[in-house]
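Given chain A's structure and the hints, the job is docking chain B onto it.
If you read the sequences in order, they're chains A and B.
Residues in the first sequence are numbered from 337 upward in steps of one, following the working numbering.
Residues in the second sequence are numbered from 337 upward in steps of one, following the working numbering.
Treat the hints with care, as some may be off.
It does not matter which identical chain is meant; a pair holds if it fits inside one copy or across any two.
Below, a list of computed lysine-lysine pairs in the DSSO-like style, where the Cα atoms sit at most 27 angstroms apart [claimed, not checked]:
1. K719 to K639
2. K566 to K413
3. K735 to K697
4. K615 to K459
5. K639 to K715
6. K721 to K643
7. K660 to K548
8. K660 to K647
By construction, these hints were calculated from the structure, which means they are not laboratory data.
2 protein chains.
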Amino acid sequence: MNNLLIGQSGGPTSVINASVVGSILEARLHNEIDRIYGAHYGLDGIINEDLILIDDKMNVEEWMYTPGAILGSVRFKIDEYPNDLALYERILTIFKKYDIRYFIYIGGNDSMDTSRKISDYFKKINFDCKVIGLPKTIDNDLVETHFCPGYPSAAKFVAVAIEEIYHDLIVYKEGRVTIVEIMGRDAGWLTAAAKIPSINGVNVDLIYLPEKPFNMDDFLNKVKSIYDKKKMVLVCVSEGIVDDKKEYILKHREFKPEDDFGHLQLGGVSLVLAEKVKKYLNLPVRAIELNLLQRCSMHLASKTDLKIAKKSGMYGVRMMLKGKSDFIVSINFKNNHFSFKMVPLIKVATLVNRFPLEWIKGDSDINDDYLNYILPLIKGEIKLKYQNNLPHFTRIIEK
Amino acid sequence: MNNLLIGQSGGPTSVINASVVGSILEARLHNEIDRIYGAHYGLDGIINEDLILIDDKMNVEEWMYTPGAILGSVRFKIDEYPNDLALYERILTIFKKYDIRYFIYIGGNDSMDTSRKISDYFKKINFDCKVIGLPKTIDNDLVETHFCPGYPSAAKFVAVAIEEIYHDLIVYKEGRVTIVEIMGRDAGWLTAAAKIPSINGVNVDLIYLPEKPFNMDDFLNKVKSIYDKKKMVLVCVSEGIVDDKKEYILKHREFKPEDDFGHLQLGGVSLVLAEKVKKYLNLPVRAIELNLLQRCSMHLASKTDLKIAKKSGMYGVRMMLKGKSDFIVSINFKNNHFSFKMVPLIKVATLVNRFPLEWIKGDSDINDDYLNYILPLIKGEIKLKYQNNLPHFTRIIEK
Chain A
337 MNNLLIGQSG GPTSVINASV VGSILEARLH NEIDRIYGAH YGLDGIINED LILIDDKMNV
397 EEWMYTPGAI LGSVRFKIDE YPNDLALYER ILTIFKKYDI RYFIYIGGND SMDTSRKISD
457 YFKKINFDCK VIGLPKTIDN DLVETHFCPG YPSAAKFVAV AIEEIYHDLI VYKEGRVTIV
517 EIMGRDAGWL TAAAKIPSIN GVNVDLIYLP EKPFNMDDFL NKVKSIYDKK KMVLVCVSEG
577 IVDDKKEYIL KHREFKPEDD FGHLQLGGVS LVLAEKVKKY LNLPVRAIEL NLLQRCSMHL
637 ASKTDLKIAK KSGMYGVRMM LKGKSDFIVS INFKNNHFSF KMVPLIKVAT LVNRFPLEWI
697 KGDSDINDDY LNYILPLIKG EIKLKYQNNL PHFTRIIEK
Chain B
337 MNNLLIGQSG GPTSVINASV VGSILEARLH NEIDRIYGAH YGLDGIINED LILIDDKMNV
397 EEWMYTPGAI LGSVRFKIDE YPNDLALYER ILTIFKKYDI RYFIYIGGND SMDTSRKISD
457 YFKKINFDCK VIGLPKTIDN DLVETHFCPG YPSAAKFVAV AIEEIYHDLI VYKEGRVTIV
517 EIMGRDAGWL TAAAKIPSIN GVNVDLIYLP EKPFNMDDFL NKVKSIYDKK KMVLVCVSEG
577 IVDDKKEYIL KHREFKPEDD FGHLQLGGVS LVLAEKVKKY LNLPVRAIEL NLLQRCSMHL
637 ASKTDLKIAK KSGMYGVRMM LKGKSDFIVS INFKNNHFSF KMVPLIKVAT LVNRFPLEWI
697 KGDSDINDDY LNYILPLIKG EIKLKYQNNL PHFTRIIEK
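If we strip away everything but chain A, and leave its shape as in the complex, we get:
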């Protein structure tokens, strides 16, 4: 038997299930693959022998239109071989027991590093199993690919949210300073999406990415001068902005909580800025975190993103069946046309593709190069199936 195993890893997105679906649909077309398994909770499911048999009766097409990670996900790092030897051997045992000859791992740069380590190990011990990675992250921070599936849908959500929030904010003659916090720890790609509504005439006043040092005094001066003019200010800021010493602005808080809980670790920089605006400018202010909705708003997914995610899985399976291994499926875009190529995992693993500095205008705006980049990626709306007047989603994990 020659079986395929698929695992999902890292934070969910709206289209990570489309990558799974594409892989399955393609695999079903080829006799070289006998059975398809899903790793329940990624690497954790492999180590704990918790695999899901995905047989032909499963209506996997439905998974396309469900956010999250249909097989379950995990944040799990494995050390470089021969460290963590027992783990490597455990993985091998399970792969042998289930005749896994093809392994697809879907995730971001850490997951690509995991795939690379497993692939290296298999080569070292001469175990014949093709290992590939499929790109996925709302952060869009993988190198060597035009974009990462998951990002365009998150960007589209951010753009629509900003457009709608803007129409809420302009209703008062004397408005507020509104600070919207957007995900993206090290790379500003998702925050840059706040620029997209400008194509419909909705302009954010200040956009701050982690790629340029954030200066608090300068920020406060700008806020004051904009508020004086317009009686409202709309600021969009990445959760990961840093000062000129590369320290997170999040640490510049006015009050220090006793406890160290999730929300106040990362996430929360909008509160820090709101504190400063209140304390130093005494203006009415509101902090908004867009939070998880950025990565799970399936109903606003980009049709292009969904389609490319699916096709990346199909391409990956076809290449594995041609004997290729040890690569990530990378996306090209040329002459308005998407295509795929193989890039060695080692060239991608752990690296971070930051937002291009030359696309940042001054220190708080984004230029047209970004708009030219993003617009083809957010093309098209999807039509969800509704059930009881709510989107119909599907799942195999019940909690």
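Showing chain B alone in chain A's frame:
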């Protein structure tokens, strides 16, 4: 000349513009009304003689599909006559100058109180002007009406957001305690919407409304026991929950900020609960505020809500033309059919319609009576016009 003046007041919703549009379209049909004006920023626009002439060339149908408040809004309270006499006289001057004989004010209970005061004043001084209110609030807390336009769309947003967030949360074997904070200061209607996804099998573990006292120890015990079983907990909580002394739970924080800024005043109770979960249970926890998106997510508006908002304006105009005044347009629902009636403003002004205690199951769940109530209200999706792959909105205020 006999002219109509329309004003919007209080927090925006996704369908408050539909109420304006219905009023305008109906008014255009009747020769008794010569001109239609909009008050720019509500009462503020009247006092400052800032009126917008809405002529026949204006394509107001487009306003239907734009969130916010197309004419601008205001939070403005006027004192009981003869206090604030100068304000009353100023309003009269403007009404006389612009020949306003019909006045529609759209808002919540405070705005209905304003309408009632103005109407009383006009009667007292024998100024012939019909004055009516149209109901609007995402809080659904007006009395004497089956529902308030704006609420069903906000409820639909909450339901979809919870459905999508749920699918994000279940992906990890060891998940978090997630606390979602929902708007509604005094009434739990919007938080109750977290129950809606249960009709699609998506169950929130704990739902807390302001109508029942919140007990922190009991909350922590429940969270612990659910987490032990499922390794995740999803809690939805109204921003306005109170303890048994009717004090906001928001005040139970572990750390006190030096400054007193918007976010930490109301809004923020999810952070307080997250602190407690971290400190006393030491579980991984995340706080999510759904924030402004609850009232401006036009793209998820309920078609039923939008339609009824529009019709409420049409009904109001027809009744004024029959000589009626001093009423709010109230909505009936019987045998699956919506209709309208007039209710005197005095019976609605300043009163709060709280969520029925008998619809709360135990202290942290909602029963089927609520589902039977809400499901007809969230029926139907709207189709927005898209422009550059984003919803196309329109506005007359530019900032």
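Tested hints:
no.	hint	verdict
1	K719 to K639	both (9 angstroms within a copy, 16 angstroms between copies)
2	K566 to K413	between (49 angstroms within a copy, 24 angstroms between copies)
3	K735 to K697	between (46 angstroms within a copy, 21 angstroms between copies)
4	K615 to K459	neither (60 angstroms within a copy, 47 angstroms between copies)
5	K639 to K715	both (6 angstroms within a copy, 25 angstroms between copies)
6	K721 to K643	both (17 angstroms within a copy, 22 angstroms between copies)
7	K660 to K548	neither (40 angstroms within a copy, 62 angstroms between copies)
8	K660 to K647	within (17 angstroms within a copy, 63 angstroms between copies)
Hint check: violations occur at hints 4, 7; the rest are consistent with the structure.
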